[in-house]
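J.: One line per chain: the protein sequences are A and B, in this order. Position in the first sequence counted from 1, then plus 63, gives you this note's numbering. Position in the second sequence counted from 1, then plus 3, gives you this note's numbering.
Just so you know, these hints were derived from the structure itself, not from any lab. Any given hint could be a false lead.
Claimed, not checked - Cross-link-like lysine to any residue pairs, in silico, SDA-like; alpha carbons within 25 Å at most:
#, chain 1, residue 1, chain 2, residue 2
1, B, K249, A, T175
2, A, K180, B, V162
3, A, K180, B, M89
4, B, K249, A, R189
5, A, K180, B, G170
6, B, K249, A, P205
7, A, K143, B, I195
8, B, K249, A, A194
9, B, K249, A, K143
10, A, K180, A, E197
11, A, K143, B, G170
Said to hold, decoys possible - To be clear about the criterion: a stretch of chain A counts as covered by chain B if any three or more of its residues have a C-beta under 8 Å from a C-beta of chain B, and this derived list gives those stretches:
#, stretch
12, 169-182
13, 479-488
As the list claims (entries may be wrong) - A short, non-exhaustive set of chain B residues, derived as facing chain A with CB atoms under 8 Å:
#, residue
14, A179
15, M182
16, H188
17, V190
18, A192
19, P310
Quick caveat: nothing in here was measured; it's all calculated off a predicted structure. Backbone N, C-alpha and C fix where the C-beta goes; we use that ideal spot for every residue, glycine too.
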Amino acid sequence: MSPPASPTATRVLELDRITKRFGPVTANEDVSLHLDRGEIVSLLGENGAGKTTLMSILFGQYTADEGHVRVEGQELPPGKPRAAIRAGVGMVHQHFALAPNLTVLENVMTGTEPLWKFRSDRAGGRARLIALSEKFGLKVDPDARVSDLSVGECQRVEILKALYNDARILILDEPTAVLTAQEAEGLFSTLREMAQKGLSLIFISHKLHEVMSASDRVVVLRRGRVVAERKTSQTSKEELASLMVGREVKRPARPPSTPGRVLLEAVDVHVGGRGGASLKGVSFRLHAGETLGIIGVSGNGQTTLAGLVSGLHAPDSGSLLIDGQTPARHDVPHAIAAGIGRIPEDRNAEGSIGDMTTWENTVLERIWSPEFSRRGMVKRAAARAATEAIIRDYDVRGATVEGRIRLLSGGNMQKLILGRVLNAGPDILVAAQPSRGLDEGAIAGVHERLLEARGRGAGVLLISEDLEEVIGLSDRIRAIVNGRLSPAIPVEKADAQTLGLMMAGDWSAAAALEAEASHAL
Amino acid sequence: MSVLFDILSSVGMWEAVLRIATPLIFGTLGVLLCERVGVLNLGIEGIMTFGAMVGWLSVYNGADLWTGMLVAAAAGAMFGLLHALMTVPLGLSQHVTGLGITLFASSFSYYLFRLAVPTSSSPPTVEPFRPLAVPVLSDIPFVGPVLFTQTPPTYLALVLVALLAWGLYRTPLGLALRMTGENPHAVDAQGIDPVRLRIVTIMAGSALMAMGGAFLTLAAFNSFFPTMVQGRGWICVALVVFASWKPGRALLGALLFAFFDAFQLRLQTVVDGVPYQLFLMLPYLLSILALILMARRARVPQALMQPYRRGER
Numbered sequence: 064m065s066p067p068a069s070p071t072a073t074r075v076l077e078l079d080r081i082t083k084r085f086g087p088v089t090a091n092e093d094v095s096l097h098l099d100r101g102e103i104v105s106l107l108g109e110n111g112a113g114k115t116t117l118m119s120i121l122f123g124q125y126t127a128d129e130g131h132v133r134v135e136g137q138e139l140p141p142g143k144p145r146a147a148i149r150a151g152v153g154m155v156h157q158h159f160a161l162a163p164n165l166t167v168l169e170n171v172m173t174g175t176e177p178l179w180k181f182r183s184d185r186a187g188g189r190a191r192l193i194a195l196s197e198k199f200g201l202k203v204d205p206d207a208r209v210s211d212l213s214v215g216e217c218q219r220v221e222i223l224k225a226l227y228n229d230a231r232i233l234i235l236d237e238p239t240a241v242l243t244a245q246e247a248e249g250l251f252s253t254l255r256e257m258a259q260k261g262l263s264l265i266f267i268s269h270k271l272h273e274v275m276s277a278s279d280r281v282v283v284l285r286r287g288r289v290v291a292e293r294k295t296s297q298t299s300k301e302e303l304a305s306l307m308v309g310r311e312v313k314r315p316a317r318p319p320s321t322p323g324r325v326l327l328e329a330v331d332v333h334v335g336g337r338g339g340a341s342l343k344g345v346s347f348r349l350h351a352g353e354t355l356g357i358i359g360v361s362g363n364g365q366t367t368l369a370g371l372v373s374g375l376h377a378p379d380s381g382s383l384l385i386d387g388q389t390p391a392r393h394d395v396p397h398a399i400a401a402g403i404g405r406i407p408e409d410r411n412a413e414g415s416i417g418d419m420t421t422w423e424n425t426v427l428e429r430i431w432s433p434e435f436s437r438r439g440m441v442k443r444a445a446a447r448a449a450t451e452a453i454i455r456d457y458d459v460r461g462a463t464v465e466g467r468i469r470l471l472s473g474g475n476m477q478k479l480i481l482g483r484v485l486n487a488g489p490d491i492l493v494a495a496q497p498s499r500g501l502d503e504g505a506i507a508g509v510h511e512r513l514l515e516a517r518g519r520g521a522g523v524l525l526i527s528e529d530l531e532e533v534i535g536l537s538d539r540i541r542a543i544v545n546g547r548l549s550p551a552i553p554v555e556k557a558d559a560q561t562l563g564l565m566m567a568g569d570w571s572a573a574a575a576l577e578a579e580a581s582h583a584l
Numbered sequence: 004m005s006v007l008f009d010i011l012s013s014v015g016m017w018e019a020v021l022r023i024a025t026p027l028i029f030g031t032l033g034v035l036l037c038e039r040v041g042v043l044n045l046g047i048e049g050i051m052t053f054g055a056m057v058g059w060l061s062v063y064n065g066a067d068l069w070t071g072m073l074v075a076a077a078a079g080a081m082f083g084l085l086h087a088l089m090t091v092p093l094g095l096s097q098h099v100t101g102l103g104i105t106l107f108a109s110s111f112s113y114y115l116f117r118l119a120v121p122t123s124s125s126p127p128t129v130e131p132f133r134p135l136a137v138p139v140l141s142d143i144p145f146v147g148p149v150l151f152t153q154t155p156p157t158y159l160a161l162v163l164v165a166l167l168a169w170g171l172y173r174t175p176l177g178l179a180l181r182m183t184g185e186n187p188h189a190v191d192a193q194g195i196d197p198v199r200l201r202i203v204t205i206m207a208g209s210a211l212m213a214m215g216g217a218f219l220t221l222a223a224f225n226s227f228f229p230t231m232v233q234g235r236g237w238i239c240v241a242l243v244v245f246a247s248w249k250p251g252r253a254l255l256g257a258l259l260f261a262f263f264d265a266f267q268l269r270l271q272t273v274v275d276g277v278p279y280q281l282f283l284m285l286p287y288l289l290s291i292l293a294l295i296l297m298a299r300r301a302r303v304p305q306a307l308m309q310p311y312r313r314g315e316r
């Protein structure tokens with residue numbers, strides 16, 4: 064683990080023309096990537112660009128269909144995590160592989176000694192752990208129980224676990240997704256220090272500012288392919304944003320909007336972080352017959368914003384007016400009664416109950432409405448008829464009224480959820496990541512329905528990380544950054560550079576555009 | 004009051020506590036092992052019954068007592084393998100599989116017993132383990148006869164508690180076992196196969212359960228009858244929670260339960276006018292109380308009852 068002996072960098076890792084297919088979907092196509100000793104390379108790309116798949120191939124969790132992985136010149140046998148560990152590859156997963164009831168030392172030492180040994184060398188393990196944690200500035204208490212640690216500390220333990228296994232190449236999969244801003248800063252300086260001490264790192268992210276501040280070189284993945292490679296010193300956030308999204312942004316036919324009255328108005332709303340990022344003074348208006356797009360990198364408060372509008376969270380301060388009125392209570396039943404429909408971000412966890420039937424899932428949200436129940440008894444015939452109509456009208460393939468919804472594909476489940484929400488005729492529609500994980504055909508269907516709802520006079524709040532989608536559907540666009548909303552720009556003025564700046568937190572251009580737009584009105 | 008004092012100061016009472024506790028110690032350690040790798044084993048009641056029967060039957064057919072214990076252990080391991088295959092690679096419901104094994108093993112025991120001993124009004128007997136006085140130590144007043152004039156399987160149970168405590172907390176294998184019950188993904192990521200670890204551990208745990216059953220027919224009594232386990236298996240399942248999944252505390256729990264049981268037996272003979280069923284209830288009632296008090300602080304293995312499939316979270 065000595066620093067490079069000569070100024071010429073040594074190649075420690077090479078991914079050579081990797082291709083990986085899952086059925087008809089190609090997750091990685093002809094991807095080549097190299098890593099030198101002491102270097103930090105960022106792997107940048109949107110959700111679903113194939114970053115995690117590529118790293119799972121490197122770590123031996125997936126087997127590539129084509130291509131080779133070489134570590135320090137040696138070819139790595141495919142599909143063997145143990146071999147990757149032995150070759151010095153360590154992976155810090157997005158979801159920690161830690162046991163909360165065990166101590167830090169126990170977590171780190173698991174599997175590092177031969178199993179059949181009468182006595183585990185605790186003292187030696189502890190000394191080694193402490194030495195490593197001092198060397199890399201990763202402070203942890205070896206005897207603390209993992210359940211008592213903060214998320215940032217858990218991540219340190221994960222990194223130490225890899226270092227304890229003699230990792231020389233460290234892969235970090237979206238390491239800041241769960242960290243606070245300060246913790247993320249701390250992590251970056253740790254990464255720098257590790258690189259200076261001769262470790263080589265791959266840093267997976269979709270956050271532009273992190274990539275800019277943490278890495279030496281950036282590799283941009285889009286739809287499974289490497290589309291660009293830049294030295295960090297020779298690129299900019301704006302360039303990376305447009306590379307990530309793609310230059311040509313298609314705009315489907317979207318009838319002009321005829322904004323009506325204000326349906327929803329938030330004035331300086333604060334919501335504390337309940338398991339998600341908090342909102343810190345959010346103000347916006349949503350008109351009838353318009354779509355307001357909210358862009359931003361994930362973890363900046365999108366989930367909380369969707370929760371606020373759909374009644375899951377009440378504002379800590381500030382006010383949320385629905386149709387000019389403060390609702391009697393901020394909870395889900397009141398929100399549904401007030402005509403707010405939601406397409407949840409996670410359709411499996413929040414949008415459906417997998418082991419219940421299609422009709423049960425369809426009527427679940429409105430089971431108490433007179434349409435579907437009377438005196439505590441479910442009107443099965445009405446529920447079945449409504450479900451059949453949705454399956455037919457929304458072309459939900461593979462669904463039967465009595466079948467379990469678990470068996471549906473993502474796209475078809477989303478169609479069913481759309482049908483369920485839109486059939487209730489909501490005035491306000493919150494669509495959170497509505498096309499995440501869907502294929503092109505299903506996406507087009509979802510977009511068509513969202514435009515239809517808007518055409519009918521509903522106000523659509525579209526929260527998405529997919530810029531093409533937001534540009535294609537929205538009338539106005541705001542960015543959410545660290546719990547705050549940027550000024551709204553009209554979609555006509557939205558180009559990749561402006562949106563990139565907005566997502567990066569530079570709102571001067573957006574403010575000017577907003578002022579200009581309101582002047583023109 | 005003097006009645007209570009007489010009971011509590013008698014050597015016989017305390018000596019009985021350890022004897023009554025022995026099958027519970029075996030059973031509790033067995034359940035503890037299974038649950039430490041994340042699998043609930045409700046087959047225990049049936050596995051104990053089968054162990055009691057097959058151990059007794061071996062000795063009845065001429066095997067020596069330790070061979071009887073070993074046969075019981077091997078039979079227990081086989082039921083463990085069945086439970087493990089159903090719940091680990093197949094990931095079936097651990098409750099249903101366990102209860103199924105209990106029903107099957109109990110009935111199967113009685114069936115085999117009836118095949119071997121077709122007709123008899125009073126169950127045939129074997130010559131059971133005799134108390135083994137440990138030289139010197141058994142001469143200590145009071146403590147000597149209580150602790151050191153037990154049957155050999157009781158000593159074995161006590162040694163097993165220590166062995167298991169050491170094994171779980173001091174060896175690399177024990178750490179891997181505990182990790183498997185907490186987060187099998189982490190074990191897999193370190194290159195150890197959690198599925199294999201689970202299967203083998205469940206077999207070992209089930210072997211211990213069957214030995215607890217065999218103690219009943221080969222040491223505590225000298226014959227087999229189908230209902231003899233009498234819910235001891237279920238008590239073991241509760242004792243593991245009481246013990247917070249720790250071997251030392253499991254011993255403590257088994258002793259506590261046995262104490263209540265021995266106590267109520269003696270109380271029955273000296274207190275008049277109270278239905279004896281009330282006394283029979285006593286240990287269970289007190290166990291529930293103790294469980295409520297202790298279990299609140301218990302740390303459940305985080306992966307208990309969660310099947311492991313690679314690549315799923």
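J.: Of all the hints given earlier, name the ones this structure violates by number, lowest first.
T.: Hints 3, 8, 9, 10, 11, 13 and 19 are the ones this structure does not satisfy, whereas the remaining hints hold.
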